[in-house]
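Student: Chains A and B, in that order, are what the protein sequence lines are. 12 is the number of the first residue of the first sequence in this note's numbering; add one for each residue after it. 4 is the number of the first residue of the second sequence in this note's numbering; add one for each residue after it.
Hints should not be assumed to be uniformly reliable.
What the hints assert, rightly or not - Here chain A is said to cover these stretches of chain B; the calculated rule only asks that three of the stretch's residues, wherever they fall, bring their Cβ under 8 angstroms from a Cβ of chain A: (1) 22 to 35; (2) 70 to 78; (3) 139 to 153.
To be clear, the hints were calculated from the coordinates, so they are not data collected in a lab. Ideal placement from N, C-alpha and C gives every residue a C-beta, glycine not left out.
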Amino acid sequence: MTKLEQTSAFTRRSMLLGSGALVVSIGAAVSLDTLLSMQQAFAQGARPPLTPDQLSSYIAVNADGTVSAYFGKMDMGHGLGVAIGQIVADELDVPFKSVKVVMADTAVTVNQGGASGSTGIQMGGKQLRMAAAEARRTLVEMAAGLLSVPADKLTVTDGMVSASDDKSKRISYAQMIGGKYFNIQLDWNKQYGNTLYAPGKAQPKKPSEHRIVGQPIKREDVAPKVFAQENFVTDITVPGMVHGRVLRPAVAGAVPTKVDESSIKDIPGAKVVWDKGFLGVVADKEWDAIQAAQKLKVEWSQVDAPFPEQASLYDHIRKASVRKRSVDKENGNVDDAFKNAAKVIEAEYEWPFQSHASMGPACALVEIKDGQVTCWSGTQKSHFVQEGLALTLDVPLDKVHVIWAMGPGSYGRNDADDCAMDAAVLTKAVGKPVRLQYMREQGTGWDPKGPASIHKARAAIDTAGKVTAYEFTSKGFSRVDVNTNGGKPHDTLSGQTLGVALKSGDGFGVPAESYAFDNKRLAWETIPPLLDRSSPLRTSHLRDPVGPQIHFASESFIDEVAAAVNADPIEFRLRHIKEPRDIAVIKAAAEAAKWETRASPRRDQSGNKVSGRGIAYAQRNGTRVAIVAEVDIDRSTGKIWARKFTVAHDCGQIINPDGLVKCIEGNIVQGVSRTLWEEVTFDRKAVTSVDWITYPILDITETPGEVNVVLINHPDIAPSGAGEPSIRPVAAAIANAIFDATGVRIRRVPFSPDRVKSALS
Amino acid sequence: MTQRFTITVNGKSHTVNADPDMPLLYALRNDLGLNNPHFGCGLAQCGACTVHLDGQPIRSCITAISTIGDAKITTLAGLGTPEKPHPLQTAYVEEQVPQCGYCINGWLMTAAAFLRDKKNPSEAEIKDALSGLKCRCGTHISILKAVKRAATMMG
Chain A
12 MTKLEQTSAF TRRSMLLGSG ALVVSIGAAV SLDTLLSMQQ AFAQGARPPL TPDQLSSYIA
72 VNADGTVSAY FGKMDMGHGL GVAIGQIVAD ELDVPFKSVK VVMADTAVTV NQGGASGSTG
132 IQMGGKQLRM AAAEARRTLV EMAAGLLSVP ADKLTVTDGM VSASDDKSKR ISYAQMIGGK
192 YFNIQLDWNK QYGNTLYAPG KAQPKKPSEH RIVGQPIKRE DVAPKVFAQE NFVTDITVPG
252 MVHGRVLRPA VAGAVPTKVD ESSIKDIPGA KVVWDKGFLG VVADKEWDAI QAAQKLKVEW
312 SQVDAPFPEQ ASLYDHIRKA SVRKRSVDKE NGNVDDAFKN AAKVIEAEYE WPFQSHASMG
372 PACALVEIKD GQVTCWSGTQ KSHFVQEGLA LTLDVPLDKV HVIWAMGPGS YGRNDADDCA
432 MDAAVLTKAV GKPVRLQYMR EQGTGWDPKG PASIHKARAA IDTAGKVTAY EFTSKGFSRV
492 DVNTNGGKPH DTLSGQTLGV ALKSGDGFGV PAESYAFDNK RLAWETIPPL LDRSSPLRTS
552 HLRDPVGPQI HFASESFIDE VAAAVNADPI EFRLRHIKEP RDIAVIKAAA EAAKWETRAS
612 PRRDQSGNKV SGRGIAYAQR NGTRVAIVAE VDIDRSTGKI WARKFTVAHD CGQIINPDGL
672 VKCIEGNIVQ GVSRTLWEEV TFDRKAVTSV DWITYPILDI TETPGEVNVV LINHPDIAPS
732 GAGEPSIRPV AAAIANAIFD ATGVRIRRVP FSPDRVKSAL S
Chain B
4 MTQRFTITVN GKSHTVNADP DMPLLYALRN DLGLNNPHFG CGLAQCGACT VHLDGQPIRS
64 CITAISTIGD AKITTLAGLG TPEKPHPLQT AYVEEQVPQC GYCINGWLMT AAAFLRDKKN
124 PSEAEIKDAL SGLKCRCGTH ISILKAVKRA ATMMG
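Construct all of the structure, not just a fragment, from the sequences and the given hints.
Tutor: Written out as structure tokens, the structure is:
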């Protein structure tokens, strides 16, 4: 009894009430004291600190036997939560339906990096797998003590641990720990974010033992969306909330110098929040806030128009000083090989700034109550938003709670994090909870952009037509003028408008492939941003950051070399690609697409309507994708229909094949949109692509008629990502198909009708 | 300044005090607390705000509340429920259409009016009817499958 009295979290009464069925189900085999002793070793009533080295930070068994999986990432619409539930259920030996995955709430999850780099399963799932395995190991060990049966003589079925040779000796997870918390230390690698890893002592199951992983389980969030029952971040309200809007300058870099508050005095409850370069309004009603933002008379500072003419964008990049150069891969002696070349093939490709253009502009709600900050955000990085809010509001981190809710679409570092910080600034200023949603022109005009770039490629060919050297260099704006999250004021518009200097980072990338050339150099160079403060052309991560542009260029160029040596594009690639999984995806795509071996272009078509086929392939952090595009081109209009895609996809072990196919389809369709339509436009003062007319994306009449996905499953290879790899080769596959159809090589994205028509004429 | 408007939404009458120029969207979302229509652009370019006005799809983000009059408004919640779903809702769940789902309201409401008026539409007719809608996640392939499935159910 002494033991009981020492255990503040447990009382005999609570044990009896909470586990009344226990004594009945296992009779006299387990005494209450034994159970309590076991629980003291492995569990506790109060949740241990939310740190990465605690099992309780990832897994809890609830009193009703359901399992909560706490996941420091989130699902942006691919069904990641289902996949995580499958992994956890399999490792724990509980039914899939009994697992609830709680995502990205900073009060109950640790910082696993948020939605980032297609690592949801690859790294986030890996950690949840290890945690679930450790939870199972712990529970089996508890059961072994309680049932007096060695752990290796126990089996688990649907959360019930029983003796293998005597099923009457059994105890459920809920009976042992339901409603309590694991008190188990994990071996944390001391890293936060994507690379956070904290295994326990348990070994995860072998892939051959998986029963739930690999199944095409459907998403449970589809019905609520379809029946208008899901709260998006835009739908969340709190009592006393007011609506906010922010104002941006007409000339990038300008700041307000005079604000006439009397210009909105007739709008009920309208208030101005003005601090240095930050300018916003709030009002009780949303429409009034919108009106106030429109009617507020503001004088802005006179600043030099910061941008070049758009027509000279690529010249600007060509001529700009290189801020950082990085040779990421090099073998052989490239310069000597080019000197000795019989023939050199060269080409240059261009990719514009692109916008996230999320379906709706970002929205956030911030409440400050008794020193406690609560923020609802559609961010991809809730834990970093927590840090950003603490710095923006100058409060301790533990006073900030960020609750993630589905936003209006997200494909990287869009406007969500800026919106959360802006909402916090407004909330602090007016002393009421503020719900801020940007306007469309701010969502498309002022989101961080995918960087514009040029890409130079050259290949040395010997007299036998063999490639003796290959060099590929990208030069462009960095992928991280602002970081991939709003964790620091210098990375957010509110920070920058309030006077914190931009700290543009340097980052780009090189092609991810396995072409084995004797002499090869892959490099990148970054140039400074166009404006050193809050800029609508600041860059950050947009889905598959720099992947589409790099591989548009590199895989177009490989095709150009194949054509130059009169080789079939696939046969040419297979001559040089060395990695077996790369070869396998290319062969799989070729076979499924019924690829006819011949060199491009085809020469058997006449008239205005022509068709072609193109291949492109890429790796991405372990995943391999090969795409065959079949396109129809109307030479008279320049209009392209990317009619059919055959996609071979290898991301190691497949967790949920249906979810994976949907994820790939979305990648392809968005990839087509970015290839054929998308280009941020700007004049010398500002971004001028600010809505769906000026920043067009594809519509359903332009959607591919078929996306045939060939999934290559490697159950024994740890899963890699799928959220981005298949968007990577889309542009090149289309470009190569256009060349096949017409003999014309288009080296600038987007392939808009005007551009194609002009190229073909 | 503000005036008093009575609007009928999903069969129920509501009174709203609002600026006559205020788009219906804000009355539905903020005054009535209906989450169904979403703000996507405020420019009638994307369709996320679509509701039915006497059965016809309209963009509530540019439709002033003063122009509604006695017309009956139907939102997505009025289209069907889990217990009594519209065939499109059933088909969307079957085909697992949405990704983020922010745009889905517009696709469903627009397709519902189209399929009511057009039996056994061709693929080209479906695409044409839905061409004014945006989906940034790229779920168009699933959308088309679901609308075809619903068309068959409604055949």
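Student: So, for every hint listed, does it hold in this structure?
Tutor: For each hint, the structure was consulted:
1. 22 to 35: holds (count 6)
2. 70 to 78: violated (count 1)
3. 139 to 153: Answer holds; 9 residues pass the 8 angstroms Cβ test.
Checked against the numbered hints given earlier, the structure breaks only hint 2 and satisfies all the rest.
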